[in-house]
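With the hints as your guide, set chain B onto chain A.
Residue numbers (our numbering), protein chains in the order written: chain A, 1 to 105; chain B, 1 to 118.
Just so you know, these hints were derived from the structure itself, not from any lab.
All figures in this text were calculated on a predicted structure; none of them were measured in a lab.
All C-beta atoms, glycine included, are put in the ideal place defined by N, C-alpha and C.
One thing to keep in mind: the hints can contain errors.
Unchecked claim - Quick partial rundown of chain A residues pointing at chain B, CB under 10 Å, derived from the structure: (1) M34; (2) K42; (3) Y49.
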Amino acid sequence: QKEVEQDPGPLSVPEGAIVSLNCTYSNSAFQYFMWYRQYSRKGPELLMYTYSSGNKEDGRFTAQVDKSSKYISLFIRDSQPSDSATYLCAARLAFGKGNQVVVIP
Amino acid sequence: GAGVSQTPSNKVTEKGKYVELRCDPISGHTALYWYRQSLGQGPEFLIYFQGTGAADDSGLPNDRFFAVRPEGSVSTLKIQRTERGDSAVYLCASSLPSSSSSGANVLTFGAGSRLTVL
Numbered sequence: 001q002k003e004v005e006q007d008p009g010p011l012s013v014p015e016g017a018i019v020s021l022n023c024t025y026s027n028s029a030f031q032y033f034m035w036y037r038q039y040s041r042k043g044p045e046l047l048m049y050t051y052s053s054g055n056k057e058d059g060r061f062t063a064q065v066d067k068s069s070k071y072i073s074l075f076i077r078d079s080q081p082s083d084s085a086t087y088l089c090a091a092r093l094a095f096g097k098g099n100q101v102v103v104i105p
Numbered sequence: 001g002a003g004v005s006q007t008p009s010n011k012v013t014e015k016g017k018y019v020e021l022r023c024d025p026i027s028g029h030t031a032l033y034w035y036r037q038s039l040g041q042g043p044e045f046l047i048y049f050q051g052t053g054a055a056d057d058s059g060l061p062n063d064r065f066f067a068v069r070p071e072g073s074v075s076t077l078k079i080q081r082t083e084r085g086d087s088a089v090y091l092c093a094s095s096l097p098s099s100s101s102s103g104a105n106v107l108t109f110g111a112g113s114r115l116t117v118l
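Only chain A is shown next, with the shape it has when bound in the complex (with noise of 0.2 Å):
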């Protein structure tokens, strides 16, 4: 079993929707959640990072985790065109394999 797991499947919704990304994890040691951004031919980039359960918001970025379930979830509020990418979920070392978004004006 991969550390991080991401349905890798992509996804395209009409500007200004929910999107909502979900990762689940395997060791109950891991207490920081990251998610990267990924443009095309680009590295990725730090979105924002949690600690432990709960939720952290930044502008129209919400990120949540529940340990519990071993599951975190990043949600993007009125999606916009420049927020088409692929996402990526992470936690210590590991990643998982991605979502491509197309935000479709």
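Using the frame of chain A, we list chain B on its own:
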């Protein structure tokens, strides 16, 4: 420099050749990481340095892969006897040291070196 610099940005080589990929981390970042990313996949961990020493090399796929960081700054990933399956983007990242073994490894990535083995 301002960011993580990786060279070359693109490398095309023939099967069986030797390849070196270089990473210049952010000044002051003592931790350096190498990942490999294939098309449609997330970054796959290869090796992590804390200073000059490899703190975790559990991701290196086999003994054809080797990495060094002799002075605790620039790192070189070396691949011997390249195979077509080695074709991927090799990403380097750096960070300040994490506070614990399960801590926040907040990584700053370079743009990657795209390796194509013909």
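Hints, verified against the model:
Using the Cβ-Cβ criterion of 10 Å, the hint placing M34/A at the interface with chain B is satisfied: the shortest such distance is roughly 7 Å. Interface hint at K42/A: satisfied, since its Cβ lies 6 Å from the closest Cβ of chain B, which is below the 10 Å cut-off. Because the closest C-beta pair between Y49/A and chain B is about 6 Å apart, less than 10 Å, the hint holds.
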